[in-house]
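Fit the two chains together into the complex; they arrive one by one in their own frames, and the hints show the way.
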Amino acid sequence: MSELPYTRQEMMAIAAGRELRDGELAIFGVGLSMLAGYFAQAHHAPRLRSMTEGGVYGATPVGGLPWGIECNRLSANATSFTHALDALGFLVASGRCDVGIIGAAQVDKFGNVNTTGIWQDGLGEHYRAPDTRLTGAGGANDIACGAGRVVIMVSHEAKRFAERVDYISSPGYLEGGNARARHGFVGGGPSAIVTTLGVLRPEPDSKEFVLTGYYPFSSVAEIQAHTGWALRVAADVQEIAPPSSAELAALRRVDVTGALRKPAKHGK
Amino acid sequence: MPAHRLISLAEAVRRYTRDGMQYASGAALPIGSDAIVFGRELLRQRRSKLHAIFHCNSQQLNLLAAAGAVDKAECGFSGLEVFGFANGLRRAVESGQTALEDYSNLAMALRLLGGALNWPFVPATVNIGSDIQHRSAFAPEDYPSTTKIPTVTDPFSGREIGAFSPLRPELAAIHVSLADPQGNAIMLGSEWSRFELSRAAGKVILIADAIVDGACMLQFPNLVRIPDILVEAVVYHPFAAWPQSSPGWYDADEAHMLHMNQALATAEGTAQYLNEFVYGVNSLDDYLARIGDDVRARLSATATGFLLDPFRQWIKTPEQVAALLAHTPETHA
Chain A
45 MSELPYTRQE MMAIAAGREL RDGELAIFGV GLSMLAGYFA QAHHAPRLRS MTEGGVYGAT
105 PVGGLPWGIE CNRLSANATS FTHALDALGF LVASGRCDVG IIGAAQVDKF GNVNTTGIWQ
165 DGLGEHYRAP DTRLTGAGGA NDIACGAGRV VIMVSHEAKR FAERVDYISS PGYLEGGNAR
225 ARHGFVGGGP SAIVTTLGVL RPEPDSKEFV LTGYYPFSSV AEIQAHTGWA LRVAADVQEI
285 APPSSAELAA LRRVDVTGAL RKPAKHGK
Chain B
3 MPAHRLISLA EAVRRYTRDG MQYASGAALP IGSDAIVFGR ELLRQRRSKL HAIFHCNSQQ
63 LNLLAAAGAV DKAECGFSGL EVFGFANGLR RAVESGQTAL EDYSNLAMAL RLLGGALNWP
123 FVPATVNIGS DIQHRSAFAP EDYPSTTKIP TVTDPFSGRE IGAFSPLRPE LAAIHVSLAD
183 PQGNAIMLGS EWSRFELSRA AGKVILIADA IVDGACMLQF PNLVRIPDIL VEAVVYHPFA
243 AWPQSSPGWY DADEAHMLHM NQALATAEGT AQYLNEFVYG VNSLDDYLAR IGDDVRARLS
303 ATATGFLLDP FRQWIKTPEQ VAALLAHTPE THA
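In order, the protein sequences belong to chains A and B.
Heads up, the first sequence stops at 312 in the numbering used here, and the numbers go up one at a time, no gaps.
Heads up, the second sequence stops at 335 in the numbering used here, and the numbers go up one at a time, no gaps.
Hint data in this document are derived by calculation from the structure and do not stem from the laboratory.
Wrong hints could be hidden among the right ones.
Unchecked claim - To be clear about the criterion: a stretch of chain A counts as covered by chain B if any three or more of its residues have a C-beta under 8 Å from a C-beta of chain B, and this derived list gives those stretches:
1) 113-124
2) 197-205
3) 248-256
To be verified - Straight-line Cα separation of at most 20 Å, DMTMM-like style, residue types lysine to aspartate or glutamate; simulated pairs:
4) B:K74 <-> A:D175
5) B:K205 <-> B:E172
6) B:K205 <-> B:E13
7) B:K318 <-> B:D287
8) B:K205 <-> B:E162
9) A:K306 <-> B:E256
Glycine included, C-beta positions come from ideal geometry on N, C-alpha and C.
Bound-form chain B, shown alone (with noise of 0.2 Å):
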């Protein structure tokens, strides 16, 4: 066992990542949990090309979307619930920069939890008589369909139902409330799809908004959903989902989620955005600095706040994790 799997995010996209890979992220939720900082390092070090595995469009999409660096996507939702259309992502479909491929949220999940189980396909009873089992974003000629959702005949009933396709993302980057330096991870709100997900990714790293003591999991090993040994390295970031939120320590910013939407509705506005909260970020500091010590203050005055009592007492301050990664071998090579 490593001393600890601990790496700095820059490190993470370095070994992980290459242009064209299957990439997914966790939760992936519209306004809530996902690694947007993982994305956002993706950016920076210039990746492309992406197969994104989405269990629903995030910020973080919206962004790589906006920024040309996706190809293919496969989606349940694709928009940010009550803040609107995804602008970027709109724009990067209507303009066939990116073939997103529809599914519903239901069949996200199925398809990870295929994944997960190694079953060659999923008993699809929802998606099926509607234009999401017809049509194929992925194979626009195939109408109606007989690849994406094929259908198949249920051997105990007879009844005709339809098979989804597992899905085994190459990367998972999986956004958790709490990780222990091992990668044992405890999540607050809901989990999404984020179990099957570490199940189904050939690789999970975890982005988690604080670092906690081991002996924080030895209380609530329960609510360790994902343990150490799926996992390949953590990497603690502070504010990893915003502008989006993360139960128990921080709302969404409002502000900068509708100021972030407007930006990546045109080109213009998504280089600016690019310029001031992606390429000029140059460490976690910056990042918070360019956050604002006010807005930190705001949002993580969050009524959810008492979701961490129970942790609080393993919960390390940001000198130990920093003590920790500088003795780790690998970020000197």
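The following block holds chain A by itself, in its conformation from the complex (with noise of 0.2 Å):
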């Protein structure tokens, strides 16, 4: 594995870069997900409109990735500075967003999002501290609930691809099937599952995430063996294509502190 002339976290940002498309109306969240929505913006998707949820617009992050999405990193050649409201709610709540990509601590075979906290024996019928606090919801939720489509990035860790999460921060496909209509949300639901290992889809009726891709370094045994349910693979799954060298150089050259090859953390 050492081998691989890149990481696994670069083939994660990379495949998930791919799900974004030219031209398209893109927000991206905090860290990876940042990475890989500037690093399409490099490669394949140079008019790829994009924002953060504060309202920076048409900046490319300069000296590495961005500590937030209100860094000075991005804020040095923003086209223009908003607000909240305004991206997260004119542009995304309204349903004029194409695609936004969030991150998960965990992740359910509905594509619901927990970045909320963890409860070691769930969280029962009434609400108590969580054994461990995360982050809360952020701006994930109103991506989730508004943007055309959803990707989410996770690193692939069994205890990461729970049955149910403990807590949904973000909304999947909640029970599966049509559930999101009782809610009538603008944006469709996540439309991947990247990984560190794959790649998951949802199936178009009951909505569960099914493995339609590895990566040419992980195999459907080993993806299933690190997913917490039965996770079912697709009758056309298929290997990834590995990063093209023009792939891993966009990507490098917005990556340039090298946050993508660094050590995976384990755990947290």
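Take a look at the structure:
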């Protein structure tokens, strides 16, 4: 594994970036999802229109991975600064935004995302303080409700891939099927879960996520072993192309400080 | 109209805060603009039992919660972005010391808008259907919650949506890049929800990295998103958002962001941090000295510095600001 010319994190960022198409209006979350987004812009989607939820428009990062959506690494070349109500409201809740990329601490088979907390024996009937407090929903709930489609990026570990998440911070397909329709969300829901081991996509009717792709360095068996539910495999599952040299070069131009090349952290 | 609204940080906290109050800070961004020095002064004056309204967690809320000064908090994002979990807030929440009510980032902006407009509620098309709606840290027995984001019917379509409660915090301490002595303010970078917050809060204190002459505002009135009629007082405080960033003025202090967050992870570390960077700090000069000359010079060499160019001719020197402050009768009371 250490002989690969790229890291698993880089493969994940490139696979997520491939989900974005030229000309789309896109909103990026913080961290790795931002790198995936700006990678797409630097490689195959030069006319991708991007913003962060702080209302920072037109910017490309300088000096490495921005520390946040409002980081000076983005504020150094923005064309417009507005505000949260604008980015998350006027452009996402309105239904104008084509695609968003969000992260997850925990994700379940219907693409529901937990970034709020871990409760060892489940949360139960009455709310109580979490055993492990996470970061909260941030803008991901708004993106999950409003963006045309959502790409979820998550490190592929069994504890992160739960049959049911402890807490739904950002809705995927809720209980599956057409459950989202009950709430009238303007956004279509998650179109892919892109991980450090492969790509999962929802079945058209049940909305259960199934394995559609593995990387040159992973396998169906390995992915199933690292998934906390009985992960089904799509009939047309296939190997995903490794990063091309052009892709890797573009990603590394964005990831100047090598955030994706550091050894992956396992667990929190 | 008063001669000016400049007062010291200590005076602002003495005059406008009390234990148990609903206190909001702006921008409350996790690594960017926030009135962090106001939180430090709240602790120096031993304010407690706060109900914190923070659009997002910042190092200010992280510190206030770590110090045990926050009973209740309402937040969107509650981490520190790429700097990780907010260890102080996390510890306070996990121990039950702080009840943290979760919303999304759009929800917080909408609730401030609702407060600003004096609406009875704000229609919610986000947060519904998730545990943000179903679970309430303020009313833990109420499950699924019927009071946090109650379901209401859209009278036009008949569709079921949610209702957000408006926010009207008693006081907001809002960080701005530039303020004039009357309290007109220009914000560089993401405004986040400072426009709505300045209209929703009962009282507004500006914490400004620099003071400019009023002529600056006459040149750029479209950029003055917080006008003086909304403002009670202006506090001049360079590096007010440190260790976070202020576009144009300084970058985030990465080493101190990590050091501070690591310290706040334990009670012992928090006590040490408070002694060194809060209780022991006795003046603005002392504060700047503790950041360090070299560090301030490095952080000030920000790639965003050009954003200040249009305004530089109006920026007052520390001596000019001190002269104005010296002529404030209230500070001698």
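Hint by hint, which ones does the structure fall short of?
2, 3, 8
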